[in-house]
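Chemist: Letter by letter, the chains look like this.
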Amino acid sequence: MSGIRIGIVTVSDRASRGEYEDLGGPAIQAWFQDVVASPWQAIVRLIPDEQDAIEATLRELCDDKGCCLVVTTGGTGPALRDVTPEATRAVLDKELEGFGEQMRRASLAFVPTAILSRQTAGVRGRSLILNLPGKPKAIGECLEAVMAAVPYCIDLVGGPRMETRPERVVAFRPKA
Amino acid sequence: MSGIRIGIVTVSDRASRGEYEDLGGPAIQAWFQDVVASPWQAIVRLIPDEQDAIEATLRELCDDKGCCLVVTTGGTGPALRDVTPEATRAVLDKELEGFGEQMRRASLAFVPTAILSRQTAGVRGRSLILNLPGKPKAIGECLEAVMAAVPYCIDLVGGPRMETRPERVVAFRPKA
Amino acid sequence: MSGIRIGIVTVSDRASRGEYEDLGGPAIQAWFQDVVASPWQAIVRLIPDEQDAIEATLRELCDDKGCCLVVTTGGTGPALRDVTPEATRAVLDKELEGFGEQMRRASLAFVPTAILSRQTAGVRGRSLILNLPGKPKAIGECLEAVMAAVPYCIDLVGGPRMETRPERVVAFRPKA
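Residue numbers (my numbering), protein chains in the order written: chain Z, 1 to 176; chain Y, 1001 to 1176; chain B, 2001 to 2176.
Think of the hints as simulated: they come from the structure by calculation, not from any bench. We put the CB at the ideal spot given by N, CA and C, even for glycine. Hints should not be assumed to be uniformly reliable.
[As the list claims (entries may be wrong)] Not the full set, but computed from the structure, chain B residues with beta-carbon under 7 Å of chain Z:
id, residue
1, L2023
2, Q2102
3, F2172
Same shape as in the complex, but just chain Z:
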């Protein structure tokens, strides 16, 4: 059986040209390996900081591959080439501002430059799309801050049931 699908998209000019090893994508995959209890498979992509390419990849992973969760790493800062939030907003049906607020607040406990991150999240069809930072250390900090809400969000948009290992993250589902 294939289980649920999680899309992992590394957005980086240098890594996509092979000038730089992609550390963000593998860090995300290892984190979910540790936390997600349901059978799942990763669908990974490595693309440059091009808005069209990011949008096309997000649409493919949500619409064609049926990923219930798609996470990106990289491209969320203020620099000219950082366009991941713009691409994400362009494909979202509904933006969920609370994710960006919560991830920035969590990162502020570590670095004051967390306010420079433009990370966001939202839903497209039956998928949740979530921007993560580029730095591997910051990826785990952000996922820890929001993961408890992810399975219920996927429930609400009609996606598959995702279970977590409760010793790592307790997925919260309000009583009806």
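Since chain Z is already given, all that's left is putting chains Y and B on it; use the hints.
Modeler: Same frame as chain Z, now just chains Y and B:
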């Protein structure tokens, strides 16, 4: 005398069809009964999760009924039928992002899924419009978190003076 | 030598007509005098709450005067004449939502009406534009809350290196 007017809009497909008792609207009314000291009357509406109907109701309560404060309950989540924030933004003159941030932060003390709420607020003419959650328990938590700023906001847009019972909520008005 | 340039824009109908002394602009200038260690000069403007005038002033200070940082004071509330955030968003290339979140959170420690502020920030070309409140006391509270991230933000968009006095604000620059 009629006093000031507060619009209370329950947005719910099921409650508007009578399949479900509206608990949110009465919870809001009871909360304001306890907190607002000025003479006031509630103008209540119960409508389905339809963006056009929500927009029309918000316009009616602000423009025709002269409500200085209009609160909604329901329809702020990520699901397909949740369109209250979209309808609210469509009729606002100015969005006040701080309300949504503060209400999500307050709710996070109770449930990690608070980040899924898309609640917002803002002004239309001389009225403040404020989205609240659908669950009665969460309504009070959110109102407690923002009410101290509501009377001064209404002052700033030229609405009537609203007084609160200070043993419940101290309305803050900065010295000029 | 001229050093780096910081634009300081007071937005106020009354102060621009001379009915009221501009206290915000001088408060900002004094704050930076205390905190910025690099040689710098202030370029100051005093304009009414008119969206066109604010946009033109922000463009002039960023594009023609080469200010790496432009701060505004005033016009961020919910009132009809408050249009500084609208003007700011109209000229930004990228909005940085984390600044507004962090400044509102910092101000909430002092006044519950901090949630009424619509302050934002973002980048235009090689400049960072930052909205501050109108009240001199609140200006310092907001600058203290975000300044550690300002020099690195300017680095990221290709602006000049700004140094701070570390006994006042430690500018944070992540290791590459």
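Chemist: All hints are to be evaluated individually against the structure, with a verdict given for each.
Modeler: Each hint tested on the structure:
Against a cut-off of 7 Å between C-beta atoms, the interface hint on L2023 of chain B is violated, since the closest Cβ of chain Z lies about 26 Å away. Among the interface hints, the one on Q2102 of chain B holds; its C-beta lies about 5 Å from the nearest C-beta in chain Z, closer than the 7 Å criterion. The beta carbon of F2172 of chain B comes within 5 Å of a beta carbon in chain Z, closer than 7 Å, and the hint placing it at the interface holds.
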